[in-house]
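Let's have the full structure, built from the sequences with the hints guiding it.
Residue numbers (my numbering), protein chains in the order written: chain E, 1 to 99; chain P, 100 to 198.
These are calculated hints, taken from the structure and not from any lab test. Please note that the accuracy of each hint is not assured.
As a list, the in silico DSS-like pairs of lysine-lysine whose alpha-carbon atoms are at most 27 angstroms apart [stated by the list, open to error]:
1. Lys127(P) / Lys85(E)
2. Lys184(P) / Lys28(E)
3. Lys85(E) / Lys152(P)
4. Lys53(E) / Lys184(P)
5. Lys53(E) / Lys28(E)
Taking CB as the label site, the calculated pair distances span [as the list claims (entries may be wrong)]:
6. Arg177(P) / Arg58(E): 24 to 32 angstroms
7. Asp116(P) / Arg78(E): 32 to 40 angstroms
8. Arg177(P) / Phe62(E): 32 to 40 angstroms
9. Thr163(P) / Arg57(E): 32 to 40 angstroms
Cβ atoms here follow ideal geometry from the backbone N, Cα and C, with glycine treated the same way.
Protein chains: 2
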Amino acid sequence: MSTQPTFILVIYDVSDDWRRNELASALKRLGLTRVQRSAFIGPSNSALVSDVKNVCRRIIDFSTDNVQIYPLTPASYRMRVVIGKEFGPEDELSGGFIV
Amino acid sequence: MSTQPTFILVIYDVSDDWRRNELASALKRLGLTRVQRSAFIGPSNSALVSDVKNVCRRIIDFSTDNVQIYPLTPASYRMRVVIGKEFGPEDELSGGFIV
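Right under this line is the structure:
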């Protein structure tokens, strides 16, 4: 089982439409792929977590919003389970399985 | 670095209020802890992923809704980053850090 986290999953709880859209656009610009309305995933590198943190500091309201970043090992990524409708045409993830 | 996934993170994209509330209640009954409006986390065991899948099959609309289950290693769980406001008083997670 691979142990190094080489993916990150970013999930967010942002109620304001403008901030939520800004955050989604910024995460996309950082190279992450949208997998749900409020979840992005992508290959990680040493700078990416810092970049995501900086983007959050700039955009979110710390009194109401919440963002969580989870490093994932390749094994965790492969073992993920996706149930139901995949997110739109831009979702180009491979692996995993639909139940 | 610990390699066995001993936590699971469940994130969901469910637009209908009734189904979303049903799913949240069911995940809580399975012993998971809410960390965002549409995200639960908890210690995993061999039956839990199956239980979550069964709950999803019963509740969600496969044509519109999406649920994703990510197994996390203890290291991934410890390395998670939480930014902004934590989710309510029921959130009793330890570890991680607020930036």
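(request) Please name the hints from earlier in the document that this structure breaks, with their numbers sorted from lowest to highest. (result) 8
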